[in-house]
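Colleague: Residue numbers (this note's numbering), protein chains in the order written: chain A, 35 to 239; chain B, 518 to 820; chain C, 2 to 661; chain D, 506 to 984.
Hints in this document: simulated from the structure, not taken from any laboratory.
From the three backbone atoms N, C-alpha and C, an ideal C-beta is built for every residue, glycine too.
Please note that the accuracy of each hint is not assured.
Claimed, not checked - As a list, the in silico DMTMM-like pairs of lysine to aspartate or glutamate whose alpha-carbon atoms are at most 20 Å apart:
| no. | chain 1 | residue 1 | chain 2 | residue 2 |
| --- | --- | --- | --- | --- |
| 1 | A | K173 | A | E119 |
| 2 | D | K793 | A | D238 |
| 3 | B | K792 | C | E580 |
| 4 | D | K984 | C | D187 |
| 5 | B | K792 | B | E714 |
| 6 | C | K628 | D | D857 |
| 7 | D | K793 | C | D621 |
| 8 | D | K795 | C | D621 |
| 9 | A | K173 | A | E115 |
| 10 | C | K659 | D | D701 |
| 11 | D | K600 | D | D646 |
| 12 | C | K628 | A | D238 |
| 13 | B | K792 | C | D573 |
Said to hold, decoys possible - Among the chain A residues that face chain C by a calculated CB cut under 7 Å, a handful are:
| no. | residue |
| --- | --- |
| 14 | I99 |
| 15 | L166 |
| 16 | I170 |
| 17 | T234 |
Unchecked claim - Simulated DEER-style distance windows between Cβ atoms:
| no. | chain 1 | residue 1 | chain 2 | residue 2 | range |
| --- | --- | --- | --- | --- | --- |
| 18 | A | R110 | D | K595 | 39 to 47 Å |
| 19 | D | Q967 | C | P106 | 34 to 42 Å |
| 20 | D | Q967 | A | V100 | 50 to 58 Å |
| 21 | D | F517 | C | F198 | 52 to 60 Å |
| 22 | B | F768 | C | T537 | 23 to 31 Å |
Here is what each chain is made of, one letter per residue.
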Amino acid sequence: MNVLLVILFAITLIYLSITERFRTYATLIGMQGLLLFALSFLELETITLGTLLFVAIETLVFKVIVVPFLLLRIIRKTGIERVHEKALPGFYSILFVSGGLLLSIIVSFSMNTTPVNMIYFIVSFFAVYTGLFMIISHKKIFAHLIGFLVIENAVLLLSLAIGSQIPMLINMGILLDIFVSVLILGIFVMRLKQHTHELTMLKDE
Amino acid sequence: MIALLLAIITALFFPGIIIRVKSLVSGRKGPGIFQPWKNIFVLLRKSSVFSTTTSFIFQIAPVIYLASLVCALILLPVPGIPSRFGFGADFVLLAYLLALGKFFFIIGALDTGSSFEGMGANREALYSMLAEPAFFILFGTLALLTGHLSMQSIFEQFHLSGYNSMIGGIIAVYVLIQIAMIENSRMPVDDPKTHLELTMIHEVMILDHSGFDLALIQIGTNLKFALYGILIANILIPVTWALPYRIALFFGIQTAFAASIGLMESFRARKKMMKNPQFIVTLSSIALVGFILSLLMMYQLIR
Amino acid sequence: MENILITLPVFLSFVILFVPSKGRYYTTLFISLGIVLITSVPAVNVIFSKGVLPEIFHIATGLGSVTLSIDGLSAFFILVTNFTAITGLLYSKGYLEPYRSLKSPAQLSIHNFSYTWLHLSMLGVLMLRDGIPFLIAWELMAVSSFMLILFEAEKRATLKTAVNYLIQMHIGLVLLVIAFLLCEADTGSMSFDALKFYFSHHSNIGLFLLFFAGFAIKAGFIPFHTWLPEAHPAAPSHVSGVMSGVMIKMGIYGIVRVMTNVQSDLVTIGLIVLAVSAISGILGVMMAIVQHDLKKLLAYHSIENIGIIGIGIGLGAIGLGIHNPLLALLGFSGGLLHVLNHSLFKSLLFFSAGSVYQACHTRNIEQLGGVIHKMPVTAGLFLTGSLAICGLPPLNGFISEILIYLGLFQGLSTGTVYQSIYMLMAIISLALIGGLAIYCFTKAFGVVFLGVPRSETHTATSEVNTGMLFPQFLAGTLMFLIGMFPLLFLQPLARILVFLFQINMDLSWITIIRSISLVGKMGFFLIGLTFLLFLTRYWVLKTRNIRQGPTWGCGYTTGTARQQYTGTSFADAVAGLAEPILKTQKEDRPISEEEIFPAERSFATHPADVFRLGLNRLVDFLMLILKKLARLQTGNIQHYILYAFIFMILIFVLLYLKIL
Amino acid sequence: MNDPGYILIFFFVLSFLAGSMVMLFRNKSLIKSVTLFFVAVHVGFTMFCWYHLDETALGYFTFDRIGVLLLSILSILTITTVFHGFIYVKDDSPKIFAIYHTALIALVTAMSGAYLANGMTIVWIFVEATTLAVAALIYHDRTALALEATWKYVFVCSVGIALAYIGILFLGFTVRDARLLHLSFASVSEIARLADPLYLKIAFVFVLVGYSTKMGLFPMHTVTVDAHTVAPPPISAFISTTLMNVGFLAIFRIYALFSATSILPFMNHVLILSGMLSLLVSSGYMLKAKHNKRMLAYSSMENMGIVAIALGIGGIGYYAAILHIILHSFTKAGLFYQIGQSYKVMGTYQLDESGNYMNLYPAGATVLLLGLLCITAIPPSGMFISEILVLKAMVARGDYLYLVLTAALLCFVMYALLTRVLHIVYSQPRGIKSELHERVNPWQTVSQFILFGMVIFICFVQPASFRELIEGIIGGLPK
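All chains should be built: construct the whole structure from the sequences, respecting the hints.
Modeller: In structure tokens:
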């Protein structure tokens, strides 16, 4: 069951890396949140109220509702529907992403771990890779945001992979992380909407 | 002191002989032996004209020129009779005393601000600079051969070292003669009889000197010839001979030296100005050959 | 009590920064005099106490203790330093007068402060034996002189020069640091005394060469000299006097100091030093000849003189190597005596050059001329300096040179064939240097001081004030003193060296002493004779009617000042001979055939320094590479992430390939 | 009551109160007084930490030597920064004034927490907090540039932090137990010994890259430089000293943690690689720098590179690294304060337009010259000692390649700094003519003189207690 969900997660990643519509991005992020909630719910061995609450807030409230909502709002405000030009063509990004998948598989195999964790490993690695790659391969800030969110999800996935019950501290950390991402989105909505083109005023040649 | 005396005596008839030989060779009767000195005495009695651009340098230059020469002469040993001033590496002092004289001679010329004299000064400085190494290599060779550093003992030991010093002797004499020609700016480097200032060296430097100063300079020049004459004599005269023979030989050598200069000047043409440096450097290389030869001989002897 | 005295000036020096501009100079003077007093007394004790035992001060502050030790070598250098520093300070009062209105008070006080610190740090270099303190003092010396060069930093050229200077000093420092660290890695302690132990069981050449390179940059041996001919002209004249007079000698001090610890391979080391020095000497004076800038000319002469000193030291090292005490003694005493001599006549020359600059507002030889008529005293002093630097009797330069000559001629017949040939090479180069020096200074003196002024704007108006002449007179007197009573200075020096290198003096030294004293006597005779002749001449000419007239123009009557023989034309002969080394650039357009009415022509020559050009090319190349490498800050956020991405991937790949 | 735990809580509560009060106030003098009160609290707290050295509070915090040392540097610099901040923002609107000081207090608190944190996750949380706090300060000028810089800073830092967090999570796998992650460093190091080296290596790489954003080290140095460009000078002083120290500490703690394991050589290589690259890049950019503050920013990067190299070389290098961190903090802070004043005097950060500083503001020019000496590690700068120690470590290990590279690059850095700073001080600005933009009271240079004074003092005397302190810090590391 878990494994299935994880694989689903991986598929969303691949989809993310090739799609060019912003709305799809938003929905995919939401879906990932949903998956993560399910996963973490299943992973919970001893369901105390506290942990449940945490997980719920982390995933359902933030990742499924707030973040996608903000994303959609941004799309509405900026009125940019889709990616016009990437740093490198979509065709290559497919290649890179699939390469990344292979890479993460290799890495995960090279480190001897329990088969249970293996799949988590592969996917979370892959998620990190995809997140970074999305940032690298896009020029639009919006896409960068998505990449960042993906990395966040990867973090959560990894924390799930640790298996045994997640201590409060980790949860706090993740919560803070998510909070930051929301805050970034906030800044973006508030301030950056006027120039959604790439910001390259600060530089040295 | 004796060296000084001998030098003065030599200087008395040295220029005369040169001129006489030249005129004889060119088929003229020529002036008397002491004509140059008569001229000098005339100059001594004349009054002077000083250029308005000159300063006290111009006044003291000839004096120091002469004084340095006299000091140099005092240093010189005479075959068999040691000089009061003989000491280690005194030939260095000799060379530097001459250099001192030259220094003042040059700035004296520059003091007039005349471009011609500047030109002459420039050449004088260049040539003496180029001639310097030859002199030192020469004495290096002698020091190596004899194992002594003061001119006195060098010349004493020189003959004792016997047969294999012949090469050294020949080269030494040759080099010394050539250096003498250069230092006194005679043929083939300079022609005292030329009429064009552009091609002069020594003569153009003394264009503005007159009367007493000019006389001093000319005396100096004659003494300089004598100085080199004495050096050559030192090499050639064996100290073992008795005094009268030595004296005779000494004056013989001086006469021969003067005569040879006269002959050279009358049969040889002056080199082009730009050829001169190369001619002078050749001298050093000849001296160097002498050094290497004697070096090899030395170490053969040692082993 | 002594300890407090020694440390006192260090703290007092900060007062200079706070005194008002009125009392600043005298405060500085007071403090410097204090420094001189405090350091000279023990130095004199060391030299003239029997046995030349070192004096050692342990300065134990609450936070740590420093050890200052003054042995013969340090004492000698300390005295030299103090003398030049003080004369420089005396000279500076008059020299800085015109700048009072131009510079901000802050700048002036920084200047005086750095001057005091240059003095202090040099003394520190001479007294400190432990690695780190020595290096700190060494770099403080560089920094303070750097600040002094910056005095006229409004000119961009000066700024560049100063930076270039500091960077090269820093490179020198790094070399020294590495050398010390190598020693420390082996012996566990970082000091000159530890070197002895290191050298005792390692090959000596490598480390010595490292030290030599480090010190040579300061001393200005070719090819490490490139900072020198630019830094000296850029600095104010009293500073150039001190820098050229004593600061670069610190390099010599270091080399000798290291040499005292070297145990083996002395012959090889000596030959290397000899070769480098000979090259520096000849090239230095050759480059000097073609300069137009009076102070630059003098700067190149510093290189030449460092060469002469180096020849002496190399000779001494060989002497030690082949266990020939006479040779060692002659070499080192000649070299060190030349250190003293050079500090005297070079500072004198720089000071008088500074006076000319102050009076005529240019250092360009081609603009000057006829200065002697307005500034006879300065001219006389410059002439004295020139005679001394050419090593002409009866002045001090000759004494040191004849000592080295003696050593070289001695060396001819003591040793192997190769050594004899080396010695002869050294002799030839020394002779050449002498000749070239005469050539150069007849040019310098003749063109600057004699003849008539070459430009209306740069004519001297009056002699500089006595305050500026006095220190020059001091130096001049001392120069004559050394020239005529050489033994006064030679015998203590010999004592120092005998103690320093454990040389057992043999009888032949006595004969040397005799020769040198005879040289002194000859000096007397020469001067007396000159005086006599001059009197006669004066007496004779008194009775004659002396007429004044124009210079004989060989029939051409309307000559102008610009037709005089210029410095360039005077130098042209040598420049032509040494073209491949000097690379003098000439700017002139030859008149072409179709030019029936030739237009106005201009001709200019620019002396270049081959080594400088090479260095510039190298540095520019490296900088270009670095600038090309710096391409990361593109402003695109995706690139920023990319770097991290690539870095991690790289590491992981390396990890996977078991490279890391 | 004397239990460190209470005091710690007390401190955090007080800072929180101070922050929120400042947030609410609109009266400048009131805000000032509250801020000063906070400074006093902070100093007092630092004192307290010194008295309770090596004690742990609440299990999550420990007053170990390095932490407290950096904390004291922080509280020294807080005094000066607050002081210069007052001057810098005095003309801003009360709202911005309040926001500035709130953020400042938050930043200081977060950094203090990060220094004292005992456990990776705690460190991580506080580092995250510093990002948020400093973002508000970078955005202080409210210009488009400021916005861009802030955005980049926050974004890249967050990515980096996320990476660091992944690294931390990896530690969890080392022993298949997440509870480890909130354990103290001490207890982790126990477990790390028996862990799988591969995991440790991956964890280390992630953490290094993640925190390199804060430490201003290659590869994620880029945004720090941009942040410097727009941040108020006092804040720049913070960003490139105490905040970089946070990054350094985070990396240092992990390093110390793993140093007992078999991956030590790996870590060393990675550190040296990263350090060398930082040195290379920064020197290249300093040779091109056209903006005074960016030049200083790159210089900070260069110094962090040196620290990383020193750490990687090991041996006496550890000592050098700590010493260098301390000295660099003081020097760079002083320089940034001075650059702030130079902006007031000359009205520009552009190198070409600035110049003639010696005549405009002699006191400031003197400070610049002194700071130049200090930062280029020329005696009498204490950094001379630390850099010699770095070289010494290299010689001791026989890494002559590193030796030559470092020395050469440092010479270029020196060249770049010298030419530029001397241009500012002495020569006339290119193009425009220099006139006094705004008069600055010379007394403002006092703080810099004090800071540089400390740096210079270290060059000549290193008190025994000071040396013991540093040796105590590096005591745990392998010899």
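Colleague: List, from low to high, the hint numbers that the structure doesn't satisfy.
Modeller: 14
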